[in-house]
Structure formats: structure tokens, C-alpha cells
Amino acid sequence: MYIAETEKSVKNIVVDDMILTTDMATSAGSRMLDGYISLFEAEAVTKLTEAGYKVYAKANTGEFNLDLMGETSFYGPVEADGVLTTAAAQAVKSGDAMAAVTLEVNGSSARGAALAGLTFVKPTYGTVSRFGTIPAVCSGETVCVTAADAATAKEVLWTIKGHSDKDGTSLPQEKCVFDEVKEIKKVAVAKSLMVGEGAAKVEEMKAKLSAQGIEVVEIDGEELLLAKSAWNILMSAELCNNVSKYDGVKYGYRTPNYETIDQLYTNSRTEAFGYLTKSVVLFGSETLSEDNYFKVYDKAQRIRRVICEALAKVFGEFDAILAPVSSKLSYTAEEAIANPYIAYEESLYIAPAMISGVPAVVTDGVQLVGPAFSESSLLALAEKL
Amino acid sequence: MKYETVIGLEVHVELATKSKIFCSCSAEFGGEQNDHVCPACAGMPGMLPIVNKKVVDLGMTAGMMLNCDINRVTTFDKKSYYYPDLPNAYQTTQWFAPICVNGRVDIETSNGPKSIRIKQIHMEEDAGKLVHDDWTDTTLVDFNRTSVPLIEIVSQPDISSAEEAIAYLERLRDLLRFAKVSDCRWEQGSMRCDVNLSVRPVGSDKLGVRSEMKNMNSLSAISRAIKYEIARHTKAVENGETLIQDTRRWDDNEGKSYAMRSKETAGDYRYFPDPNIMPVVIDDEWFDGIKATLPELPEVKRAKYIDELGLSEYDADQLVSSRALCDVFEDAVAVCGSAKEAANWIITDCMQVLNKKKMTADMLDINGTSLGQLIKLVSEDKVSRGNAKRILAAMFENHIADVEAYAKEFGFIVSNDTSAIEAIVKEAIASDPKSVADFKAGKEKALMALFGKCMKQLKGNANPQVLREILIAEINKA
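Sequence lines, in order, name chains A and B.
Going by this note's numbering, the letters in the first sequence line up with residues 1 to 385, in that order.
Going by this note's numbering, the letters in the second sequence line up with residues 386 to 863, in that order.
Bear in mind the hints are in silico, worked out from the structure with no lab data behind them.
Beta carbons are placed, not taken as given, at the ideal position from N, Cα and C, and that holds for glycine.
Mixed in with the good hints, there may be bad ones.
To be verified - For each label pair, taking beta carbons as the anchor points, the in silico distance ranges come out as:
(1) G415/B <-> R302/A: 22 to 32 Å
(2) D420/B <-> T49/A: 26 to 36 Å
(3) E413/B <-> V195/A: 16 to 26 Å
(4) G574/B <-> K328/A: 35 to 45 Å
(5) T332/A <-> R634/B: 25 to 35 Å
(6) V458/B <-> K295/A: 16 to 26 Å
(7) F672/B <-> E174/A: 22 to 32 Å
(8) D291/A <-> D454/B: 22 to 32 Å
(9) K166/A <-> E413/B: 37 to 47 Å
(10) R634/B <-> R302/A: 38 to 48 Å
(11) K295/A <-> K438/B: 33 to 43 Å
(12) G574/B <-> R302/A: 23 to 33 Å
(13) F672/B <-> G213/A: 51 to 61 Å
Go ahead and model the full structure; you've got the sequences and the hints to work with.
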């Protein structure tokens, strides 16, 4: 098919269903927000539009983007050649979109990119405004970019990053510059994360890095194993709190099956929330209860600090950590849906970067996790590979 | 056996900020229903809270007025509960690190002075208001009050009678209004009180089973409710009944309290730190800046007004009843130099204008320096008292920076040009020979008629003494 020069230059960006737009519905993959049109748009969307990009479509997500790769979406999962993928990754891979801008909540964007062989960058927490994103796990969720290559990912990330007055967790502008590229010379592989099929991808990458003259060293990284449970606790607690306002009264789905106001609330929520959201809500509510707060939630916050300190120690010696992104190299929608715990289990790999807010770049099916503000260095390495 | 009462009060005070705690909506009382609302305070997904710095300023001010320690790192937490007037299904409040702790309020009662300890003061957002329409049997929500900033002042259980509770609340109200933390209006709900009460045998160090009365909104109701609860608790304890810890509603019309919910059915608020709000760090500069704005206490001002400025006790009491009056008074005295005159102008003339406008003393919003200039012009006989009142009325509408220039512009300056006065006096005498004759015949009143005519012609801008003298002189000549 012939594509006219002008059309080729149209810079199409797809944003996922967690990022608010005023001309398209934003449903967070949930029946609860089916058809919800926001009164305001995400700051990332404003920045993209002002820079001449066209936010042309919405990519489906799993409910509140909590799942493996969209299998819990009210609108159904996306499969390509019988394999589960995310709608965002599929839009980029097919060439429809030059990049996807998504709210990474629980690893689905990283997995979607890794399994589709794309480049993905999760910037340092606080460098891209979360204004106008549907809140799910506010202490970790980050607006991220997926593209076919590192240069494009960088171009789009550089468009959306920067200080925001509308986001209290936004870092000062000088922190959001991070243009300096530091050559990556020494990379650590955490043995603790080298489980599952993804480890094979790491082995391939080790060879590539060595060929580039980069030193690869194995470390234990035992503390990083703690990230999974701690993240699952924090994720559940925050999500539970954030979705409790959806009640079927002011907007969103309202059940036809009610006589009393309590039935309206209960039935709307029962009918509109999917199994994963329900389990996260129950778990989260439990972790925040008076009896469990210090035993569970507060402890998870302490572990968060332990992990940040452990990572700081590793980054004192190494430029990045190389790790798998998922336990398998492909999933079917059927198997993802069959295992209601799959998203909790798979957070083993993404939890260290999510819980600590450090940047991660996915390339060639693996992730490189670096210290805060090392995006330029990580992307430069990804481009070289 | 003798019993004693143990009372702790939780007082909610709406802060006197222009905008809400996390968005730029107006925090003003009233307005059309759902006029002061935006996607943020309506809880629409995607808006993030940005802390209004003025809220922290006032929180700190309140703490300093109540002798508290200020937490230099203070955090906001989410309190989860579901209610239709709370659009986020959580209230943002302070649970783990409130802005102020360990304070003290000194009160006077018939038993002498007493200190009531303050446990903590925390900042939080108010909820909306449910409006029930009996006609259609529907309940509607007004979100105007949602996210209006509040502080909650939690006392230690140091209060032992209704009298002490009222003394504490009145003192609290005086201090907070004086520091401009809040207008503290019970009738508008900008001051509300929860009463925690229990009864125990005198000498016991164990607290009795407590009840909590929520949302009390007048001093008389609080006083009545406390007396009622003391009697109810004492009777139950005396009769060996088991009291249940519960939350109660006071019905002021019936003079009775009713159980709303017991502890067993109370919700678990699942507090946790709000990840969208970074800890607020109060550095020395901020702390000292607020400290410098603290007013003198009302009793300190009162003593100063009497001892140093020579005001009567009555005048001093009138002025210190409101910080606004004190501010205007002090600025005016600094310019005009006469405390007595300034006090008179404020207590009599300004209050008259305020009363006419159905406003309270706290709402006095004229520039004290301008008032001082005006008083000075009057004392120098440059502006007549009558015209000065007109200028004062204008000051309530607009700020007048240079009162003398204003008086000149609008022709309010007393004329010292005796020839102009003479001309008008001659004209008046010529046009009213009857009054002249009457005066000459000994009717003093006739002079007043002529005087009034002349003053009217002169638009009030004549020194009355000078006018009178010229008038008599000219009549005698005629």
C-alpha cells in the first residue's frame, strides 16, 4: 500500500485506557467506567498535542491496569497470533502508532513490550506528571512510553516529562532534565530474579553486553525478592482506597437491579468490578485494617525503604541491573484468566523498580533497571544494542 | 459515693482561607448549591491534591496561639469511609503526624483558673452537605463545603463540668478569631464540637465508659447536653447498669440524647499516608514568619489600651472584642495621635455603618490609616464632623489612600475664606428679614435657622464657630 508522505509524517500516539482524554472515553478497562468521558485531559496528552503529536486512539487495558496483560479487561483481552499481548504493544508493533503512552501500574506495559520485542521506558517516579491518570497505585504508578526503538521512546518521553504544578509528587524541573549520558560499563545480574523462562533472555543479553565490552557480574540480590510481597500489599491497599469512590451514583455503571440505595451500591460494584479488582480490594482492605496496619502495611513500607537502600548499594558499584521481565516468554489469554494469582506472582520481576521508583528500560525482552535519572544512559545502551 | 465527670472535646474549626484545601474553588460560606465545586473536590478520577499553603499557615498559627509544639514534618493521611457527602470515599486528614501537639488553653471559672491540655491539632478537609427534600422525599448533595479546610482541636480529658467546657470553648473562639484563624461562627457551622464524656467515682484513676455526642453547634446546647449526659451516666453507674460505649445525637428541642451507633458497629477507617501528598516540611523561615504574625492576646491589648492609651475600660472592652476593631484602631491612632477620638469613631460611627449593613465587628474592613487621617482632619477643623461621616461611609465602599485629597476633590474641606462666608451670610440676612428681627427680639432659635441656611449654602464646609461669629456680627450691623 502506498502511503503519502504527509500521512507518514503524522505522529500518531496511542494512549492507554488509564490516561484521560476529553474526546474519547477512558474506562480503565472496567465496566465500572464504561464510556466515561472526563471533563479534563491528562497533562501528558496536553503536552503531546502541543508538541504536534496526534493522540489518535485509546488502547485497552486490564481492569485498572492491574493484571498480566489486559486479560481482565471488560472489553476482553487482545491476542496476536494466539498469544496474549497488550493493546498498546499491538498498536506499536503493527505500526499504527509510533509510540504508546501508558500508565504502568503493575507491570503489564513492561511485559507487553518485552514479549512483543519492543522498547519500553519507565522513567523515574515524579518526572512525568500523573495529572489526569486514573488513580490506582499512586505511590508507584508512572506514565511510560513504548516504541519500536529506543530513539523514538526517548523522543516521546522527552516530550511528556517535566515538572507539573498539578501533581504534588512531581519533582522540580531541574530533576526532570536528566540529559547526561553516562556510559554503562558494569551491569549486575541478580540471581534472585533469575527464575523462569525469562532468564534465558537475560543469558542472551549477557552475551551481547560482553561483546560490547560491558562487564556483567552476578550478585545475590536477595533483598529484591522482598519487593514482590511488599509491592502486592501496597498495590492492594492503594487500589482498594482508590476504587471505593466508584458507586454507580455520580458516573459510571449503575445496576438496574436495585430497590434500596444499599442495593444500588452493592449490586453496581458486584456487577461492574471483575475478579482481580475484587480480590485486590478485599486484600487491600484487610491490609489497612486497624489490626493489620502495623503488621502488614507499615511493614511493607519499611521493606520499600530496605529495597531502596539495597538498590542504592548495588548502584554504588554497578550502572544497572539486568533482569527478566516475566516468568514465561508467551502466555495465552486463557491461561492468564485461569490463574487469578498470575499478576501477583509476576510482580516478582517488576516490583523492585515499581516500589522504588527507579527507571527501567525494556529492550530485547529483558529489563535494565538503573539508578534515579539514568534514563538517558539506559536508553543509549538500548539504542546501541 | 461521689462521682466526677471526665470530658474531652474535639472542636472542628473551618479555616478562614479564600480557597479550599486542595483546589482553587472558593471556600466561602453559602453560595448557590454546588457553585463552589470542581473536578478535584467532586472527586473525579485523575485530579491530584495540591496543598493550600495558607491552610498550613493557619494550622501553625492556631497551634502557636494554643501553646502547642509544631511538628516540623507533618503528613496527610487518608481516612476511608463511605458516605454520599464524601465524593472520594476517603477524607484527607492527619493521623500519624498532625501539625500541632501538646498544647494548653488557660481558662477562668467560678472555681478559679485551670489549664486544659491540648492533645493535638490536625488539618483536614470538610465533607459536603446532604439536603433532604421532604416534598419529593429525595436527598441531594451540595458539594460546596467539600474540601473546605478545617482544623480539629483535640483536648485531653481535662474538663470536668459544663461550665469548664463553655469557658474552654469561649476562650478557644476568642483566640482563634483574634489570630484570624477562623471566624468561628457556630450558626454557620464554622465551629462545631464533639463531646466525649464519662463518669467515675471520685478518686478512681480508671476512666468510665464514654459516650460521644457529635456535631454540637451551640454553646447552650453543649451546656444542656453535658448536664443531661452527666445525669444519665451517674444514674446508670449508681444503679449498677452497664453503659455501652456509643456515639449519640443530641436533640436540643427534646433535651435528650439518642444512641446513633455503638462501638461494635463503628467503622474501621483504614488510615494510611496519602501517597499523593508529600510530607510538608516547615523550615525555620516559614515557622518564624508565622510566629511574627501572631497578635498580642486580647487581654494584653486591653491592658495596654487602658494603661498606656488612657481609654476607659468600656472602650477597651469594646475594641478587644474583635481583632478587626483593634487593627483599625491601632493604625488610626498611629496617624491621628488621639486614642480617645479613634475609639469613639470606631465604637460609635464605624459600628453604626456596620449595623446598617447588617455586618459584625469582625467584618470591619476599612483602612485604619485612612481613618486616622480623617480624624486628624476633623481635629484640625479642616473637615466638619458631618462631612467626615460622609467620607467614612465612602471608606466602607472604596479604599481612600489620601483622605485630604479626597476631601478636596469632593468639596469637603472647611472654608477659611471669611469673605466667602460673609457674602453668603449677607445674602441670607437680606432674604430673611423676619429671622433677623426675631433674633434681635431675643429669639435665639431664629439664629439657628439662619445658621442652617448658610451652612447648607456652604455645603457644610465652614467652621461653625467662625460662621456663628460672622453671622452675629452681620446681624448686628444690619
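Is the gap between the beta carbons of K295/A and K438/B within 33 to 43 Å?
Taking Cβ atoms as reference, K295/A and K438/B lie about 36 Å apart, which means the hint holds.
Is 37 to 47 Å right for how far apart the beta carbons of K166/A and E413/B are?
violated, 23 Å
Does the hinted range 16 to 26 Å hold for V458/B and K295/A at CB?
holds, 25 Å
Starting from the hint 25 to 35 Å, judge whether the C-beta atoms of T332/A and R634/B obey it.
The hint (25 to 35 Å, Cβ to Cβ) is violated, given that T332/A and R634/B are roughly 58 Å apart.
Quick one: are D291/A and D454/B within 22 to 32 Å, going by C-beta?
Once the Cβ atoms are compared, 30 Å apart, the range 22 to 32 Å for D454/B and D291/A holds.
With respect to the beta-carbon atoms only, verify the hint that R634/B and R302/A lie 38 to 48 Å apart.
holds, 41 Å
Supplied distance hint 51 to 61 Å, evaluated on CB atoms of F672/B and G213/A:
Taking Cβ atoms as reference, F672/B and G213/A lie about 54 Å apart, which means the hint holds.
Tell me if the beta carbons of G574/B and R302/A are separated by a distance inside 23 to 33 Å.
violated, 41 Å
Quick one: are G415/B and R302/A within 22 to 32 Å, going by C-beta?
At roughly 47 Å between Cβ atoms, R302/A and G415/B fall outside 22 to 32 Å, so the hint is violated.
When you take the CB atoms of F672/B and E174/A, is the distance between them in 22 to 32 Å?
Given range 22 to 32 Å: holds, Cβ gap about 26 Å.
With respect to the beta-carbon atoms only, verify the hint that D420/B and T49/A lie 26 to 36 Å apart.
holds, 31 Å
Does the beta carbon distance between G574/B and K328/A stay inside 35 to 45 Å, or does it fall outside?
Once the Cβ atoms are compared, 59 Å apart, the range 35 to 45 Å for K328/A and G574/B is violated.
The structure shown violates the earlier hints numbered 1, 3, 4, 5, 9 and 12.
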